[in-house]
Amino acid sequence: MTTLETEGATEAGEAATPMSPSARLRRRVGLRPRPPGHGDRRRWAAPLRSPGLLAAYLWIAVILLAAIHPGLFAAGDPLRQDGSQILLAPGADHLFGTDDFGRDQFTRAVWGTRLSLQAAVVAVAIGLVSGSLIGLVAGALRGRADSILMRIIDIMLAVPSLIVSLAIISALGRGTLNIAVAIGINSTAGFARLMRSEVLKVSNAKYVEASVFAGHGYVRRLFKHVVPNASRSVLAAATMDIGTAILTVAALSFLGLGAPPPTPEWGLLVAEGRTFIGVQWWLSLLPGLVIVLTVLAVYRVGRSFNRGRTRVVA
Amino acid sequence: MARYGLRLLYGVIVVWGAFTGAFFLLYVVPGDAAGGLTAGADGADVKQLLAEQRELLGLDRPVWVQYWDALTGALQGDFGESIYQRRPAVEVYFESFPETLKLAFLGLLLAVVLGVTLSVVIELTNWKWARELLISLPPVAVSLPPFLVGLVLLQVFAFQLHWIKAVNDPSFGGLLIASAALAVAGGGSISQLLTANLRGALTSPYVETARNWGLSRFDVVVRHALKNAALPVITSLGTTVGVMVGGTVLTETVFSRLGVGRLVVDAVDGRDMPVVLVAVTISAVIFVAVNLVVDAVHPLLDKRIQWDG
Amino acid sequence: MSSPEVPSTERVSSSAPGRQSTPLLRLRDVSAEFTVPGRAPVPVLDGVSLDVEAGSIRAVVGESGSGKSTLGRVVTGTLPENGRVTAGEVVLGGRTLTGLSERQYRAVRGKEIGYIPQDALLGLNPLLPVGVQAAEPLRAHGVGSRAERRERVLDLFAKVGLRDPARLYGRHPHELSGGMCQRVLIAAAMSTRPRLLIADEPTTALDVTVQRTILDLLSELVESEDLGILLITHDLGVAAERADEIAVVKDGRIVRGGRTGEVIADPGDPYTEDLLRSSSLGFSGRQAAAHRLEYARTVPADSPVVVEAKEVGKTFTSRASRASRPFRAARSGPDTVTAVAGASFQVRRGTTLGIVGESGSGKTTLVRILAGLTPADSGTVEIDGEPVVHHRRGAGQAALYRKVQMVYQDPFASLNPRSTVRAILDEPLRGHRYGTAQERARRITELLEVTGLPAELADRYTAELSGGQRQRVAIARALAPRPDVVVLDEPVSALDVTVQRQILALLDSLQRELGLTYVFISHDLGVIAEVSDEIVVLQHGHIVERGPALGILTEPRTDYVKELLASIPGAAAPGPAAEARHDAAVLTPHDPAVLVGPGRSAATERTT
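Residue numbers (numbering that gives the first Met the number 0), protein chains in the order written: chain A, 0 to 313; chain B, 0 to 308; chain C, 0 to 607.
One chain only, chain A, in its complex shape (with noise of 0.2 Å):
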């Protein structure tokens, strides 16, 4: 079917053309037109075509200025209690109920997101950098620093991550940065491992043999072939593991390593309100709802980026 469907395709980027004589005869000698809506035109055409990719964006974009400026959604104080409104219902005053001190629940939440995104984000940029390192070093190396690195990577992938995150939270102290430092520090191993392979992948590619003809030295042929053509699936998965990073940050926080309770934060919340679970459900599972919509979206745009690969999201 794969034939087919490059056949379907090419067959299509000419049709698309109109045959003016002089391109008819371009194709006779080899040349062939311009596949049309090649450019970059097309890639950012691509989430208008698809209702779920553009909702995704929406949501991101929503997410993304509540971190921003969290009053232009919720304009109240996340932490003003009011002892006549407990454990109220959601209604149109208070869209996600009240909490046992009477704090709006949707304020709490809205002005929960920068916290959480932003962990989310630190721990990410630290996995990627120091994991892309050393997955570029040990590709590039090869040989005994290779299997050196790797065994040192399969250790630390060998430890659960949620017990290294919590010995290093120990060691670090409780807050929401120093998650984002713990799971940065988890998410090394599968960075490195990423990188080497695909450093590992694109080396082999005739096209990195070829330049050897260039007649430049090494580090130029790996930063000028290698490195940008392996980056692109390692720039994909990291923009998957945002997404699975929103969730450990929830889950450490749920656990309560995490910002002290009166902070607002997403896993936070869900595990302040988690003692009325019986009753009160909407305390917990409405700030659970938005931590998987923002989940769904950023999987959601790394999917997009990543057409035609595929990666476990654990």
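Think of the hints as simulated: they come from the structure by calculation, not from any bench.
Values in this document were obtained by computation on a predicted structure and should not be read as measured data.
Among the hints, a few may not be true.
[As the list claims (entries may be wrong)] Per the computed footprint, the stretches of chain A lying under chain C, defined by three or more beta-carbons under 8 Å from a beta-carbon of chain C, are: (1) 196–206; (2) 210–217; (3) 224–236.
Idealized CB from N, CA, C, for every residue including glycine.
Let chain A serve as the given structure and place chains B and C on it in line with the hints.
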């Protein structure tokens, strides 16, 4: 076989590395168990009390001596005494281990069964909108925070239907619901990978051939494509098991079950080093064992592996 | 249809009468289209009509993108989800197939229509034993018990020329050679005794000598089983040699159809003529070599030796190649494979050395040693008197690569997809310190012009170019540092035949103008014959023949080379080149006039 011996050696190195890493990570952590034990004391004698406790626990010795003791002890199965419970850490750990093992095993089983079934059903569904709906399930499953899934299940099954108890239900039903909470993310990730692989396998030339032999869609998918598509999933099972172990911590918290997960959270918190070391070492052993099994099984499923040497 | 030497025209006239009444397969005005999301549907087939008679072969010839594979899929009812038949009907033995439901079609597929895929090694499930797979059509259509199916498969294995069927039954595809896999697939297709066989490029992935035996087998089956075959191929040579009737497709239309002999004798259509000229039909080694000699005369006989290989050898440990050892035991330990042994040759400035060999012959290894990409275990290679030394990662090789450049087989793989043409051409210019930015820009324009590429292409990404254009870019890149020697590793085998022709012509004119020395590697003796002054024939890492092209092509001394020559598709069929043969006939290898040229000294070196 020599190659397998080498793998075994690597496995041992990995376990040793995990043990050593955890030891030094906890060593650099400011404060130690003595601090935790003396937390209630006050006044001038805190310092003295602290020193006494440290001496008692052997924490005043040089780090290398402590490490050597811990390592040689661990090799004999002796990880020292849990600082809080005053009994061997191994004992403490294995007390809660069966609970977690049951949970994780059932969770993994459910994840594999659900994930594989979903992927196959997606490929066999002709109805376009039903198919679209099914395809959207795995990405949703991996986006759900495990603790949230647990809370929803708890709300529905404990508070609405009253099928299980909200706190530490000992029955099989309780275990099943808890492991279902654990299985959602794992099943989602298995199904996501398998669906993508199936799609790839179904466009490969040998499937084209099988189709042209007049095989039914079911035969094409299950008999020809599935096995090929499942190979990478089996390889990734090692990672999935690691994720499961992490997931048990959250599940045990939500369902208030007493397992290794809670034990480890508390141990790290209180710097109960022996218990943490046991947990880390056992986790690493499980990881290594699962991967060794996968390595051993893989050539049986795919004859090319052996051939490539 | 007994032997390929019988010209196809005679077969047609002898088998055709009496069969015209109802054809086995009839396509009437079939049109098909693909829907691409967000665009107008793309027509792929446009009013195609053709028949396949029982007991005959109908070839459908076309280049990539012509719609020929879609034609096969329309018959088997396996169009992808986004494709559909918009008009016309397909009738198999009086039964209309178009419009059948998937369930009804499934009863036809594999039962009445057999199918042979393109790449035999990929066409079999890697995880199932071949015997089990060959019985799948029987299983799918509920024929016989498990034991009976096994019996039938063993019979068929023997019938399609597989030795020791019982042992083979439980083997996995990776343990078999490509030719054996293709035989297994033929056995599977024949197991249900279909009346029609769709063969989609059945031999493209195979070595020429294997290709011939597979085609022989298909011809035999047509004869013995009264089978009709729809043979889809890009190679007019194969079609002309094997088919009773031919249909040439281009852009989804049949531009020329009819009896093979008539089509060949009178193409009557510019595209068919083009294809005919590009094919190896009526190939004559003598003529090709004689043609080449005209050029060779312009090269002085005492032209200096630029490339010299002395006793080059290379062995690899473990991982035996599939072709050389199909039955390697699964558990046996590491093994050594001789890739190249004792290879010696010289290439004079301005001439072309052709290296020909089938897969696993070691030609690629030899060439990589030549270019310093792989270290040799023994022997030396000198270029311009300087020894070629291998460096891991190519450190310090800049001086070598100012003199030697390489063009790879697959222009889709050898050009960085994220670079523009300009960046690709600029890279070697910078690397070899070629002048200022302005001078480099001028050189890039010049290179594009020399390789026949429009100047506006410079700022395109390679992903936007066609295969032919890409290969021109690759050639331009190789020419950038003004090298003496260009190593051409199968430079045309990934391209359509008409494009092949253009690239070969380009290479030829570049050699004349720039006085380049070529080392040209190919699996295709037809191509090698055309471009080479001297030829080296490799088999299993050993040079079996070496010498001036004309000598090897007209008087091969080994059976292997004779077989290679006989396997060139269409060589036996009369073609447009045939008339010209008389001109070449006056030249014999012993004619002293012929040997005046660069090949003289080497003539005595012919081994074996």
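For each hint, the structure was consulted:
| no. | hint | verdict |
| --- | --- | --- |
| 1 | 196–206 | holds (count 3) |
| 2 | 210–217 | holds (count 8) |
| 3 | 224–236 | holds (count 3) |
Checked against the numbered hints above, the structure violates none of them.
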